[in-house]
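With chain A held as given, fit chain B onto it using these hints.
Protein chains: 2
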Amino acid sequence: MADFKHFVIVKFKEGVAVEDLTKGMEKLVSEIDAVKSFEWGQDIESLDMLRQGFTHAFLMTFGNKEDFVAFQSHPNHVEFSATFSAAIEKIVVLDFSSTLVKKAPA
Amino acid sequence: MADFKHFVIVKFKEGVAVEDLTKGMEKLVSEIDAVKSFEWGQDIESLDMLRQGFTHAFLMTFGNKEDFVAFQSHPNHVEFSATFSAAIEKIVVLDFSSTLVKKAPA
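Protein sequences, first through last, are from chains A and B.
Once you know that position 101 of the first sequence is 100 in numbering that gives the first Met the number 0, the rest is easy, because the numbers rise by one and skip nothing.
Once you know that position 47 of the second sequence is 46 in numbering that gives the first Met the number 0, the rest is easy, because the numbers rise by one and skip nothing.
It is possible that some hints are incorrect.
[Said to hold, decoys possible] Mimicking DSSO-like on lysine-lysine, the simulated pairs with C-alpha atoms at most 27 Å apart in a straight line are:
{"id": "1", "chain 1": "A", "residue 1": "K89", "chain 2": "B", "residue 2": "K10"}
{"id": "2", "chain 1": "B", "residue 1": "K101", "chain 2": "B", "residue 2": "K35"}
{"id": "3", "chain 1": "A", "residue 1": "K35", "chain 2": "B", "residue 2": "K35"}
{"id": "4", "chain 1": "B", "residue 1": "K22", "chain 2": "B", "residue 2": "K10"}
In short, the hints are calculated from the structure, not lab data.
Just chain A, with the same shape it has in the complex (with noise of 0.2 Å):
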């Protein structure tokens, strides 16, 4: 079965203290065991004019859709949503059933 994916990319408001957000999030994602997988990162590549603000990407993996609503419906999520919200300026989040074309050898 397709993995589901939980993408989010945010651009965050001045003076926040990224660095505590990243730790809680990985603090919630190791409490949690519906989720799959965590990476994230910050760009620092891409073109201005296609990074359009933006300046962090989240990814979750979880097993299916079920598993996804878990994590969101968890009250830790909930929890750490409410200060995540507060600290975003913009955001972006895509939720779905990956295609997994090509996959990196074990």
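Below, chain B alone, put in the same frame as chain A:
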């Protein structure tokens, strides 16, 4: 070493044959060894307010930045990019070294 990610989200123009483009991208990554893994999806789940009109996400992983640069300058990529660019209404691209916090069991 951390993987290098090339994340693209787009909204296609109306009337575009999206399947031709996703097939073209699948062909492209299959031709270029520098691409370590590739997956994509069409958003069907997130809230309109959070999706902001973007419909598709394309996630490519490279072993390092050099492999990504090689991909970017590959003639097949240059050719495909021209076709792809003509089909999109808006795009955000983020390129970054990834921090893997939680890894899916093999």
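So, going through the hints one by one against the coordinates:
1. Our distance criterion of 27 Å between C-alpha atoms is met by K89/A and K10/B, whose separation comes to about 17 Å.
2. A threshold of 27 Å between alpha carbons decides the hint, and for K101/B with K35/B the separation of about 19 Å falls inside it, so the pair holds.
3. Note on K35/A and K35/B: the hinted pairing holds, with a Cα-Cα distance of about 20 Å set against a maximum of 27 Å.
4. Distance hint between K22/B and K10/B is fulfilled; the C-alpha atoms sit about 17 Å from each other, no more than 27 Å.
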